[in-house]
Every structure is written in structure tokens, then in C-alpha cells.
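Undergrad: Place chain X on chain Y using the hints.
2 protein chains.
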Amino acid sequence: MASYEKLELEPFFQTIEELKPKFIQRLQKAISIPSVSSDESLRPKVVEMANFLVSELKELGFTDIQLKELGTQPPPVADSTLQLPPIVLGRFGTDPAKKTVLVYGHYDVQPALKEDGWSTEPFEMHYDQQKDILYGRGSTDDKGPVVGWLNVIEAHNKLGWELPVNLVVCFEGMEESGSLGLDDLVAKEAKQYFKGVDQVTISDNYWLGTKKPVLTYGLRGCNYYQIIIEGPGADLHSGIFGGIVAEPMTDLIKVMSTLVDTDGKILIPGVDAMVAPLTEKEDKLYDAIDFSVEELNAASGSKTSLHDNKKDILKHRWRYPSLSLHGIEGAFSGSGAKTVIPAKVVGKFSIRTVPDIVSGKLDELVFKHITEEFNKLKSPNKFKVELIHDGNYWVSDPFNESFTAAAKATQDVWGVVPDFTREGGSIPITLTFEKELGVDVLLLPMGRGDDGAHSINEKLDVSNYINGCKTLGGYLHYFGKS
Amino acid sequence: MASYEKLELEPFFQTIEELKPKFIQRLQKAISIPSVSSDESLRPKVVEMANFLVSELKELGFTDIQLKELGTQPPPVADSTLQLPPIVLGRFGTDPAKKTVLVYGHYDVQPALKEDGWSTEPFEMHYDQQKDILYGRGSTDDKGPVVGWLNVIEAHNKLGWELPVNLVVCFEGMEESGSLGLDDLVAKEAKQYFKGVDQVTISDNYWLGTKKPVLTYGLRGCNYYQIIIEGPGADLHSGIFGGIVAEPMTDLIKVMSTLVDTDGKILIPGVDAMVAPLTEKEDKLYDAIDFSVEELNAASGSKTSLHDNKKDILKHRWRYPSLSLHGIEGAFSGSGAKTVIPAKVVGKFSIRTVPDIVSGKLDELVFKHITEEFNKLKSPNKFKVELIHDGNYWVSDPFNESFTAAAKATQDVWGVVPDFTREGGSIPITLTFEKELGVDVLLLPMGRGDDGAHSINEKLDVSNYINGCKTLGGYLHYFGKS
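Just so you know, the sequences run in chain order Y and X. Position one of the first sequence corresponds to residue 1 (full-length UniProt numbering), numbered consecutively onward. Position one of the second sequence corresponds to residue 1 (full-length UniProt numbering), numbered consecutively onward.
If we strip away everything but chain Y, and leave its shape as in the complex, we get:
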């Protein structure tokens, strides 16, 4: 049956190939808008990106297009009147006889500067024709997949084909900054704009490696914290004040050093105890997955793996928590030497969460540990620890209708059965959709494990982009018939 259906899909696949130049151009336009949600000064660009999507949706024949405003951004924020970027909603088809698929993606991106070490301008797409790779911030995370859905519609329009499902799109502009405002919107629209949705599909993650497509049924959550330590009224000269005032950096570094060990062990008491025990059945699942230490090393560009075998790597990426120290705001961060005693420093770290860590309980443990460690220092400096944002972990059933449809499409396009995987990253909205709409969520990745999301030289292979569009469309066909 699969081969019969595959034949049926051939004209669609062919049309995607024909439209390739136009699809690359569409991604180029999207990348050229620096929609960095964490940079308040770039907020107008995030809004510009929303408007770009609206005009694309209009042109493709979407209806009921709405820009949902989310109000001002809550603290901590420099400009207290800063507006959150809008959520873009749209429909393609409203046939009650068809299933309705809600497609979620985000149009904001991580920060990027050429000076960070990019080979080319991050916000000008670079097409390396020899390698057949598209470089640019957002290429894989998440502009490639977002415009991928639009490409699927364009191919159908060109063919004069009816879409086998009703499609609802929901594109947000704050995913890289905690999806502020989205939870409330989803809750509010669950019985309104999103009424009748049968399934939610998200294409915002990656293959595990670089060769084999995957479908993803689990994600880690993420609780992001900051430790604020404040002393002098302004930055001081270390010659004049060194040795006679308590320096906030000294305290912050001490406290941050008590959070995690070089081997990745989280040192905050009680966190590991909340992690669900590994069953024998689950342990065996990792045997089949196509992955290796070498693939991790290739993706990280180093030999810094903490584990010497595939199974431990996968477990620590998927089912164990991790703690990363991201940086310090307020300290000297330039090149060269500056003899400053920073007056106020803010340490940033996050914990990736897994079953059965309870987010609120984790916050308590974090606050308690850090407060105790700071109090041990007996410092006259002022101290505060706070959660910047959180998002829960998620685990689904990889054998339900949508996963089965996506597996068929993947096999048609790539010629292999995908691996069923979990992911280390967080897409907090996954859980919100599942809870508020009461439907299954499918994670259907487009890019590869070495795409460099959140890193310099972020890329998307043209083959992943084009075959990804085919897979997204094929999935809609199989799911529409299931």
C-alpha cells in the first residue's frame, strides 16, 4: 500500500523540486529579517517578520489571518512598555469532512553577530552551491520549517490539488525567549480559533545525527535562572578599591561554582532524586538508535564527550537533567584587559528537565541551595536569585496515528524507516498544545543534528529543506487518510 500511495504523491514531490529556486528565495527573505526576540532593540524586526509571514499567507490563499497581540512584555525587561511580538494565525481550508492539523512554528531567532565568528553575515543567507547548504541565522531554527509549510501549500496550489486536511498555522515570535504570552493565547483560543483541531505538528527540532531522519516523541524542559549580586553603587577601579570592598564577582563565581561539576553532575541537592528511574525496557530502546560517540564529536567539533558510548550519551541527552552556565551580565566581557570591579553582576544558568521533575519543586531546590551557598559567604553584598522562564518536559506515544503517518511519509521521501527519538532541547509549547487542545502532538524535524541552531554558521542542507517540504506534505496526505 505504501508504494501505491507513494506513486500518488510523486507529482507533489516533483512540483516541490521544480519550485526549489523559489523556495530558496523565500527562505532567503525570511533570514534577511533579524527577528531576534531577546534583543529589545530588534523588536521592530520581529514584528516585521510577522508581517512578512502575513503577506505570504495572503498570497497563498490562507483565510481568517490574524495578528494576535500579547500586550507588554513582563519584567525583567529594560523598556517596561515593550510590546510582545504578535502571534500569526491563519487557515487553509475549512472542510468539516477533513481532519484539521494545527502547525506551529516560530519566526524569532537567537542573537547573532558576524563578530561571534560567523564566516558570512548571519542575516544574509549564504548559499554554498558546492556543498548545497544554506547558511544563515534561523535557516534551520525555525525559519526553514516555517516557510516549509508555506512551500507545501504553494506546491498544492501549483498542482491544482486540494489539501487533504484543513490546515491551521500558529507562528510565534518569542520562542527563543520563553514563549512569553503563548500559553495564555493557546488556552484562550483552544475552543475558539483552534476549535476542531485534531492534531498538532511542530517542526522545530533536528535529526539526532546527520544521516538518518527521525521522529521525536519526547523533549526535555528548561528552567532558566539568574543570580543577581550587587555591591557598589557603580563599577569601581580595582587598584583603588581592590582588597577593601566585597566584590560581587567574587561572590557570584563562588556561588556558580557550586551548581555543576565538570562531568555534568548537578550539585543542587534533591534534583537527581526527582528523576524517574530507568527501567530495563527503556534501557533496551537505546540499543536500536543510529548514533555514535563520533557523531557527537563531529557535531560538537571537539572530543569533549562526557560519555564513551552511544547509550549513555542518548540517556544524558534525553532522560537525565543537565545544568549549563551560560554567562554573566554586567562583568567585563570584551577582549583585552579592563581593571574594573563590576558593581552588579547577573549569573545566568539553566537546567534541562525530564520526567518526573516538578518545575516548581525544582525552583524551590535551586533557590534554597543558592541562598544557602550565598549565605555561607557572609558577604555584605545584596543577593537575589530568580527564575527567568520555565517550560516543562514532554513525552508522547510514538505509535499513534500521526507518528505512523509521518513515518510513512519519511520512508517515501528518504527511503528509510525513521528512528524514534527524544530530544534534549525544549519546545515548551508542545506540552501546552497537548494539554489545552487535548490532542496528540507530533515533532517532525527538518534539519540535521549538526545544523548549529543557537551557534555560529547555522545552516540547513538544501536536501533537508527540499525533502523536508516533501515529508511535511506527505505527512498531511497520510494523516488526512488515516
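No false leads were slipped in.
Which copy is meant is left open, so a pair is good if it fits within one copy or across any two.
Derived DSSO-like pairs (lysine-lysine); straight-line CA-CA distance at most 27 Å: (1) K310 x K344; (2) K45 x K114; (3) K6 x K481; (4) K382 x K310; (5) K384 x K265; (6) K98 x K195; (7) K29 x K131; (8) K114 x K384; (9) K188 x K58; (10) K303 x K382; (11) K303 x K131; (12) K315 x K344; (13) K376 x K265; (14) K131 x K22; (15) K114 x K131; (16) K303 x K368.
Hints are computed from structural coordinates only; laboratory data are not their basis. Just so you know, these numbers come straight off a predicted model, no measurement behind them.
TA: Coordinates of chain X only, in the frame set by chain Y:
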């Protein structure tokens, strides 16, 4: 005799007052050039500042004006062809019957951005007429004193007075970045351009507090280090890689946490043992100095003093070493949340040195300790620790001719006997001049202890600027006659 001489100086003091508007304008011009030596992209502005000084010197009648080029800046540096800013040399008078005073100052400044928290643009001088204060980067460190010397000449020219000494000026543009190239130049010119110099005067430090002028006979040195830890080939996404790779930030924070305690105690073994023991005689010297915990708190804008009495504060500022953690290059340093695993992080710290710490021996202890601490981590990351720059401590005789002359001038202008103090900051060139020229060095400060050198809202009180010019000129008169 002092009062007779003071009468003699009255016309000079009066002329300084008359020229006040012009002198403020001169400082304004100097502040408007952002001559930040640590920022490679601003190097042309540092050169522009050198050219500004040259044109001022010409207009005032200086002769033999030279711009001494110092070649390319040695690593670590981003642009390997970057030229060091030139040293500005000039003479005023060459009468063999007179003494010759060499005046040193620096025309580069610390970095400053409005966003750092400045109330006004750092590179546009703001004259608060109500408080009678001049705000701007470099106002007190060290553009105020540098143009102060020019003002002294201008007042003499206006009066038609002969300068009682020959003056040689030596203005450098790399003081805030380790005075690269200056030592070699001083050594080279000691028997050439600087031949016949009888005394060196430096106005590049501050009063201890805000009320009483001081003369300074001692300085701490400064050894500035960086710890480089490098793992992945590029920054990574903490969701995908958290828990499975060794993170450079984790290692760096661990190592940095072993350097100093909240109470200021240096934890590197062997450093304290090198410090000269405190004699009873020296201990008594601190009794007389006008200072208090309250003055420290006012200057730091906080109640974060590590010591509860004047004497301990002064000892820890002047005669004990201190270690400050300045910041981290390569980690996330912005506001908000970024879920990045930084690939390469560079921790910056410096140690203020005092008698009898031997700089090379200190480097050895630092490298040994940090290497041991890193090795304890058993991390697969790459590690390096290096000295960025060093400068030795300095102690002089506060009862020699030049200190006596400066004390008289100070008393004439301010009506009080100055305190004889040491300083916590470093002016490495002090020692170089003393050694290479074989003459005494005097530190004659212009600004107050709360001027905020290296901090936001750096300022110079107009009274300190104008009375400072009088003091510099008065000093030249008394020294010329001594």
C-alpha cells in the same frame, strides 16, 4: 618664606582663574575624542587625540615636538597589524641654568558606553554648573591633569612670565592597556630626548578622600592574567548538548572560584608569604591620615567595606595585595536568557602587587595554582593561563626636594598641609622613569577619591581642575628654586 613666595605666585593664580572658561573648553575638546586604547576599533581615535595634543603644544610654543611610533601591538590582539598609538614628546625651554622637569600623563582612557549606566554621554563633557563638576570619560583619568600642564604654560604665556624650569612632556596612549611600548621608549630616550631631566612628575592618581589634598609616594603594581578554556568547535545549544559534552564555562567558573574569598583573602598558595612584614613604625604612619570607613562607603556608593576601621582599609589599599575577578570573554553577557554553551571562554583577573612580591615569581605561583586546579577537574577541554600585562609596585621618599616643593604649592593653594599617602592603583611607568632616568618621581594628584576613574559618570570637580592647575604651576616654581 612660604607666604612671601605665595604673594609672588598670586598673579599666576589670578591668571588661572581668568582663563577658567578657556581651560574648561580645552578639557571638553579632549573628552570629546573617545581615545579608548583597549578597543582596537577605536585606535584611530587614540591617534586623533595624540594629534590634538601636538597642535595644542605647537600653539603654546613647545619645541622639538615629536610623535614617537612604537610599532605593531604584540599579541594577544585581533588585528595583528594594529599599530600602537604614538608617544607625544615636547619641550618648553632649554635653559641649562634651570632644572628640567619631565611631566608624564596619558591621553588614552578606559572604555565607556552610555548603556553602562552613564547619566550623560561619556564622550561629551557635561558641565553641571550647580555642582560645579565636569563629567566625562577621562575628565580625571587622565585628560584633566594632562591639559592641566598645558594650562600652566598658557597662564605663564599670558603673564609674560618665564617658566622657572625647563619642561619636557611625555604623553602616552596605552596606559589603560599596560603601557605597551613605553618602557622601551623611556629606556631608549633616557640618554637622548630625556637627557638632563632632573625630576619626573606624574599627575595620574587621586586624593584619598574628597576633602584633603595628598601627595603620593607609593603605588601597588598590577599583574593581569587570563584563563582560556576551550571545548567545542563553536557555541552549542544547551538543550542538544547539555549533559553530554564538557562545558568550558563549568571548568572556568570552578577554577576562578579557587582564586579569592569574599573577605578578599587570596587563595593562591605562596602569595601572602612574599608580602613585606608590617613594622611598628609603618603601622603608626596610618594613624595620622585623614580617612574613614564612611568616606570609603561614600566613594563605593555602598556599605560593602571589608574592614571596619581606617587603618585596616588603608593597609589593604596600599600595602597588601588584592585579587579582582573582572569578567569573562566569550560567555553570554547580554540581558535576558540565551541557552548557549559557550565554546571558548576567557576569564580575566588581576592581582595588585606590593613590596616584596616579585612579579615573575608571582606569575609562577599563579600558573602553578591554576594549572593544578584545572587538572583536578579532569576535563577534556583545552586550557591555557597567561599574563596579559604586568607592572611593578613603587615606593619613594616623601621628604625629598620634589615632595617638599609640591607640599608648599599645595599649602599655598588649598591652605592645608597635604597627607602623604600611597595608592592602591598602578602606574607602572613610575618605576620605569625612576630606574631608567635615575631621578626621583613625584605623584601629584589633581582629582578626588570619588571621581569614578574606570567607572560610570567619571568626573572632575571644577575646583580640583582649577586649583590643580595652580598647584602644578606652584610646584614648578618651588622646585625650580630648590
